[in-house]
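Assemble chain B onto chain A, guided by the hints.
Protein chains: 2
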Amino acid sequence: MNYDELYSNIVRKGSFLCVGLDSDPELFPEHISALANPIFEFNKAIIDATAQYSVAYKPNLAFYEACGVAGWMQLAMTVEYIRKTDPSIFIIADAKRGDIGNTAKLYAKAFFEKMDFDAITLAPYMGRDSVDPFLTCKNKWAIILALTSNPSAEDFELEKLESGQPLFRKVMEESMTWGTKENTMFVVGATRPEKLAEIREYCPDHFFLVPGVGTQGGSIAEVAANGMNRHCGLLVNVSRAIIFADRSDKFAIVAAEKAREMATEMAVLLKTLL
Amino acid sequence: MNYDELYSNIVRKGSFLCVGLDSDPELFPEHISALANPIFEFNKAIIDATAQYSVAYKPNLAFYEACGVAGWMQLAMTVEYIRKTDPSIFIIADAKRGDIGNTAKLYAKAFFEKMDFDAITLAPYMGRDSVDPFLTCKNKWAIILALTSNPSAEDFELEKLESGQPLFRKVMEESMTWGTKENTMFVVGATRPEKLAEIREYCPDHFFLVPGVGTQGGSIAEVAANGMNRHCGLLVNVSRAIIFADRSDKFAIVAAEKAREMATEMAVLLKTLL
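Protein chains in written order, with this note's numbering: chain A, 464 to 737; chain B, 464 to 737.
These are computed hints drawn from the structure, not numbers from a lab.
Some clues are possibly wrong.
What the hints assert, rightly or not - In silico lysine-lysine, PhoX-like type, Cα no more than 20 Å apart, as pairs:
1. A:Lys623 <-> A:Lys658
2. B:Lys644 <-> B:Lys601
3. B:Lys734 <-> B:Lys507
4. A:Lys603 <-> A:Lys577
5. B:Lys623 <-> A:Lys633
6. B:Lys623 <-> A:Lys623
7. B:Lys507 <-> B:Lys547
8. B:Lys572 <-> B:Lys623
9. B:Lys633 <-> A:Lys623
10. B:Lys633 <-> A:Lys633
11. A:Lys623 <-> A:Lys633
12. A:Lys547 <-> A:Lys568
What the hints assert, rightly or not - Chain A is faced by these chain B residues, among others (derived, beta-carbon under 10 Å):
13. Arg475
14. Ala525
15. Arg560
16. Glu576
17. Asp579
18. Ala586
19. Gly627
Predicted model, so just to flag it, every value in this text is computed and none were measured.
Glycine residues also receive a C-beta, built at the ideal position from the N, C-alpha and C atoms.
Chain A on its own, in the form it takes in the complex:
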């Protein structure tokens, strides 16, 4: 998917919601746990319930890899199911990979060819070698960790360099020269909204994938006010506050309700701010 397609999907659906498929089997309702492919069945119910309110899904790979081969299979099934349900949905592998040269090429193959993901999250620590191989795949995206939403983002990401700028800004400014707004996004957490406005000044055009809304405390309105650009430029990710809002056999109905509420708020913000 390219930049214009993503933007027009956002406008058409009136939503910049990304549903995080952090599908932890320990939190599933009993009747789902009893099924043959519980992760896939859980995801299928969530996708059926939320696809009309979302422009993106983001499976976090840890939850799948923790289940070994069975988890890996259900990840592939999930990606196929999203594609079948709504081909306009942007699918992100939240893999936080970061490796070099040939190894990075193989990750690109795994996520962009073996499975039909649109984007993959990448850790920038090892530098350009670990990002470049993902930038050569047409209509595929590298989403680079910049300022994450966790408390220990302070350990290194916010560490000041000799220039006086924090590390995450160096990561953004440097990696903006490797790719373009057509193939690069950044992870910028919702938990530091004041930073978001600052970041928009030196990174006006790129999309940001914004975690940290919901359970972690960030707000959609604040993220939009500080981070939206003239092509929206935001994918706000919500995981637990949608998929585990209810843990009974009504989980999908409640997930739909939560996603609908958020999409309604987003539609208003898009009309007001775009």
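Below, chain B alone, put in the same frame as chain A:
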């Protein structure tokens, strides 16, 4: 495996060689490619040929994940086969993971419980949250990327902070306070041997996993001279220069020969420097 066991295996075998199982199917001899589980069969031949000269194996997960479910299964088969061949061997998942909280816990479960790895490589960008969950597993290890062997380590790892110190040093000094030499190692590349001596001064006791010897140009003697401590403190990884030293049907014989040469050099260095 704990620190003392690892050290005594090094002394007993007279080797600190880690064989990197960067098992790229595109480089396999034809008779291997024709088999049902080519990655596993290739690894099995390499393990049979090199186990007596090695104290560790390090599958790089990209090569397995690129083959999807089949690759993931062959990774599990490889770990089991190493354990069966020689239970004293240290097995490293070169995964370069880095995620937070619950997600990191699930990675720990995937690599330390579902599969019987001894250690996992981790990217430190997101800070302590992304490392802590790996430090609570008894006799398991977190191997944190510090100064990697690739050229673009210069992009961020060598970037100077306000303190005047490079980022990788901050990463090491900070993370040395999270764990101990019993559960934490660092990745320090062989391609900058002058840095290795400098690093040993402020990190005297920890093991280093050292990539970059062989194809990337680092030398075993230089690494040992600059990086060895009184418990050896080194696992020198060699991948392509062993496993793809020959690509005919004699690949395993040549791999054994290369590993034997390196282990012989290491035995002399251990006698001289320990």
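Please list, smallest to largest, the hint numbers that this structure does not respect. 3, 8, 12, 13 and 17
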